[in-house]
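Protein chains in written order, with my numbering: chain A, 1 to 314; chain B, 1 to 225.
Certain hints may be false.
[To be verified] Taking beta-carbon pairs under 7 angstroms as the criterion, some of the chain B residues facing chain A (in silico): (1) Tyr-3; (2) Leu-12; (3) Tyr-116.
[What the hints assert, rightly or not] Pairwise CB distance ranges (calculated): (4) B:Ala-107 / A:Ile-99: 25 to 33 angstroms; (5) A:Ile-282 / B:Asp-94: 21 to 29 angstroms; (6) B:Tyr-64 / A:Thr-206: 34 to 42 angstroms; (7) B:Ile-149 / A:Pro-291: 50 to 58 angstroms; (8) B:Met-181 / A:Thr-206: 56 to 64 angstroms; (9) A:Leu-166 / B:Ile-122: 51 to 59 angstroms; (10) A:Leu-32 / B:Met-181: 21 to 29 angstroms; (11) B:Leu-113 / A:Leu-48: 31 to 39 angstroms; (12) B:Leu-128 / A:Ile-282: 49 to 57 angstroms; (13) A:Ile-5 / B:Met-60: 55 to 63 angstroms; (14) B:His-216 / A:Pro-291: 41 to 49 angstroms.
[Unchecked claim] Which residues of chain A face chain B? A partial, calculated answer using Cβ under 10 angstroms: (15) Leu-166; (16) Thr-217; (17) Leu-221; (18) Ile-259; (19) Pro-291; (20) Leu-296; (21) Ile-299; (22) Ser-307; (23) Ile-313.
Please keep in mind that the hints were generated in silico from the structure rather than gathered at the bench.
Idealized CB from N, CA, C, for every residue including glycine.
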Amino acid sequence: MNGWILALAQTILFLFCAPLLTGWVKWVKCKLQSRRGAPPWQPYRDLLKLFRKEVVLSESASPIFRVAPYIVFSVTALAGAVVPMFAVGLPSAAIADVIVLVGFFALGRFFLALAGMDVGTAFGGMGSSREMTISSLAEPAMLMGIFTIAMTVHSTNLASMTRYLLEHPIQLYPSFVFAAMGMLLVAVAETGRIPIDNPATHLELTMVHEAMILEYTGRHLALMEWGAMLKLMIYSILLVNLFLPWGIADNFSTLPLLIGFGSIVIKLFLLGTALAVMETGIAKMRFFRAPQYLGLAFILCLLGMLSHVILEIN
Amino acid sequence: MNYAQLSLIEQLILTLSAMVLLTSFLLLAQTRIISLINIFAAQGFLLFLGTCLIAQSSGMYHLYISAGITLALKVFFIPWQLRRLVKRLDIRRDVENVGGPSMIMIAGGALVLFSYYVALPIRELSTLATRNTIAISLAVILLGMLMMITRRKAVAQVVGFMSMENGLFFAAVVSTYGMPMVVELGVAFDVLVAAILFGIFFFQIRAGIGSLDVDHLNRLHEVDR
Numbered sequence: 001m002n003g004w005i006l007a008l009a010q011t012i013l014f015l016f017c018a019p020l021l022t023g024w025v026k027w028v029k030c031k032l033q034s035r036r037g038a039p040p041w042q043p044y045r046d047l048l049k050l051f052r053k054e055v056v057l058s059e060s061a062s063p064i065f066r067v068a069p070y071i072v073f074s075v076t077a078l079a080g081a082v083v084p085m086f087a088v089g090l091p092s093a094a095i096a097d098v099i100v101l102v103g104f105f106a107l108g109r110f111f112l113a114l115a116g117m118d119v120g121t122a123f124g125g126m127g128s129s130r131e132m133t134i135s136s137l138a139e140p141a142m143l144m145g146i147f148t149i150a151m152t153v154h155s156t157n158l159a160s161m162t163r164y165l166l167e168h169p170i171q172l173y174p175s176f177v178f179a180a181m182g183m184l185l186v187a188v189a190e191t192g193r194i195p196i197d198n199p200a201t202h203l204e205l206t207m208v209h210e211a212m213i214l215e216y217t218g219r220h221l222a223l224m225e226w227g228a229m230l231k232l233m234i235y236s237i238l239l240v241n242l243f244l245p246w247g248i249a250d251n252f253s254t255l256p257l258l259i260g261f262g263s264i265v266i267k268l269f270l271l272g273t274a275l276a277v278m279e280t281g282i283a284k285m286r287f288f289r290a291p292q293y294l295g296l297a298f299i300l301c302l303l304g305m306l307s308h309v310i311l312e313i314n
Numbered sequence: 001m002n003y004a005q006l007s008l009i010e011q012l013i014l015t016l017s018a019m020v021l022l023t024s025f026l027l028l029a030q031t032r033i034i035s036l037i038n039i040f041a042a043q044g045f046l047l048f049l050g051t052c053l054i055a056q057s058s059g060m061y062h063l064y065i066s067a068g069i070t071l072a073l074k075v076f077f078i079p080w081q082l083r084r085l086v087k088r089l090d091i092r093r094d095v096e097n098v099g100g101p102s103m104i105m106i107a108g109g110a111l112v113l114f115s116y117y118v119a120l121p122i123r124e125l126s127t128l129a130t131r132n133t134i135a136i137s138l139a140v141i142l143l144g145m146l147m148m149i150t151r152r153k154a155v156a157q158v159v160g161f162m163s164m165e166n167g168l169f170f171a172a173v174v175s176t177y178g179m180p181m182v183v184e185l186g187v188a189f190d191v192l193v194a195a196i197l198f199g200i201f202f203f204q205i206r207a208g209i210g211s212l213d214v215d216h217l218n219r220l221h222e223v224d225r
C-alpha cells in the first residue's frame, strides 16, 4: 500500500516538476546569451494562462483533433509513471518495461502527427512528415541502446535495471559508454532540442514540433506543451538514472527517499545546465543532415552492443 | 572469468580499446581532411593511453618505451607532417564525397562481426586479461583497409594506411604485451619514413595528374584524349 502511495506521489511530482526543468533550461540559456530571461517558473504561468483561455477550433477539425491532446498528454504521463525517479522497487514499475515505454512514445507521436495533419494546413502536414522521418530513424537507435544495457543487466524492466546497476557499483562497461553517447543523441532528437529542432522558434521553415501544434489553442495547447515538457523530463531522468544511478533510494524509509530526491534534483539541474550550454554552443542542423546525425547515434549503439559481445562476455 | 571481476584498470583498458574502435568508425565517416587528421591523432593518443595502462597493470615496463614512441610519432609528428602537407597543397577546405556513407558504415559493422568470429579461436589460446581486444585490433586493421578502398583522395588513403598500422601495433600490445624492441623500433622507423615519402609522393602525384584524386591514375592519357 505504502508503495502505491509513493508511486502516486512520484508521478505527481513528475508532472509538476517537468515545467520547472524546461524553465530552468530556458533561464540558463538566456543567462548564457546575456539576456535577462524569464524566471524558471515562467512555464507554470504560461500553462495556467493557457488553461484559462477559451479553445478556438478550426471548422475543418475532426474529433481526432480534439481528443489528440488528451491522448498525447495521458500517454506521456503514463510513461512518466513507469520511470523510476527517486526510488526503485515501486509497484508502478511493473506496469511496463522499457520496450513498452518506447511504444508509449510511439503511440503519443502517432496521435500528434495525426493531429498535425488533421486540419489540413501546410505547416501541420510538413511538421508531421518531419517528425515521422526523425522518429523512424531515432527509434531503432534507441531500442539498440536499450538492448545493449538490457544484455548486461539481464532485464528490460527499468526498475530492475537501475537496481542491478546500484548493486554493482563502480564498474566501467565499454558498452555503457557507447550506449550513453548514442542515447544522448537520440534523446536530443526525440525531445526536439537544438541540433534537430529548435524549441524556441516559430520560423516556418525550420520548426518540427511547433509546426504540428500550430493550430492548437487554450487548454489543448497547454496539454500539448505540458506533454512536450514531460517528455524532456522523462528522457532526462532515463539518462541520469540508467547511467548515473547513484543516490536513488532502494527502500521506502524516509532518509533514503530524501537522499534519492535530493540527488535526482541535483542531477537534473546539472543535466539541464549542460543541455543549455550545448544548445548555446551549436547551431541547428539542416534537416537533411538529420539522418547523418541519427546514423551516428545508431552506429554508437551498435558499437555498444558489439563491444558488449566482444569485450564483456567470456 | 566474469567481466565484473576484472580490476578497474583492466576495465579501463577494455573501454579505451572500444574507443579506439570508435575512432576508426569516425575516420571512416569523416569527410573533412583536417578533422580526419585530428581524429587520427586522437586515435594515436588513445593507443598511447592504452599502452601505458597495460604497461602499468602487467608490469612490463618496456612497454612505456613503445608508448613513448607512439606518442611522439602518431600523436605529434605524423599529424603535424600531414597538416603541413595539407597546408602546402592548399587542400585544407577540401570535402571528399564518400559514396554511400550508410552502406560503408554497415560494411564496417559487418567487418567488426567478422573479425570477432575470426578472433574467437585465437582468444582461447591466450590467458591475458586483454585477450578480448584481439578482435577489436583486427577490426581496426580491417576498417583501415576499408577506408583505403572507399576513399579516392591520396591523403585520406594515407590516413587509412596509418590507422591500419595502429591496429597492428595494438594487436601486438594486447596479445603478447608488445613485439621485441628491435622489431618495434624498425616498424616505427618504417612508418616515419613512409610519412615523409608519402609527402613527396603527394607532390609527385599532383604534378603528374593535376589532382590528388587517385582515380585519375586508372586512365591512360593516350586513350582518353
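Comparing the hints with the structure gives:
1. Tyr-3: holds, 4 angstroms
2. Leu-12: holds, 6 angstroms
3. Tyr-116: holds, 5 angstroms
4. B:Ala-107 / A:Ile-99: 25 to 33 angstroms: holds, 29 angstroms
5. A:Ile-282 / B:Asp-94: 21 to 29 angstroms: About 23 angstroms separates the Cβ atoms of A:Ile-282 and B:Asp-94, which means 21 to 29 angstroms holds.
6. B:Tyr-64 / A:Thr-206: 34 to 42 angstroms: Since B:Tyr-64 and A:Thr-206 have Cβ atoms about 52 angstroms apart, the given range 34 to 42 angstroms is violated.
7. B:Ile-149 / A:Pro-291: 50 to 58 angstroms: violated, 23 angstroms
8. B:Met-181 / A:Thr-206: 56 to 64 angstroms: Since B:Met-181 and A:Thr-206 have Cβ atoms about 58 angstroms apart, the given range 56 to 64 angstroms holds.
9. A:Leu-166 / B:Ile-122: 51 to 59 angstroms: Since the Cβ atoms of A:Leu-166 and B:Ile-122 sit about 37 angstroms apart, the hinted range of 51 to 59 angstroms is violated.
10. A:Leu-32 / B:Met-181: 21 to 29 angstroms: About 52 angstroms separates the Cβ atoms of A:Leu-32 and B:Met-181, which means 21 to 29 angstroms is violated.
11. B:Leu-113 / A:Leu-48: 31 to 39 angstroms: violated, 55 angstroms
12. B:Leu-128 / A:Ile-282: 49 to 57 angstroms: violated, 42 angstroms
13. A:Ile-5 / B:Met-60: 55 to 63 angstroms: holds, 59 angstroms
14. B:His-216 / A:Pro-291: 41 to 49 angstroms: violated, 31 angstroms
15. Leu-166: violated, 14 angstroms
16. Thr-217: A:Thr-217 check fails; min Cβ-Cβ to chain B is 41 angstroms, beyond 10 angstroms.
17. Leu-221: Violated, about 38 angstroms.
18. Ile-259: violated, 25 angstroms
19. Pro-291: holds, 8 angstroms
20. Leu-296: Interface hint status for A:Leu-296: holds (7 angstroms vs cutoff 10 angstroms).
21. Ile-299: holds, 6 angstroms
22. Ser-307: holds, 4 angstroms
23. Ile-313: Given a least distance of 7 angstroms, the restraint on A:Ile-313 holds.
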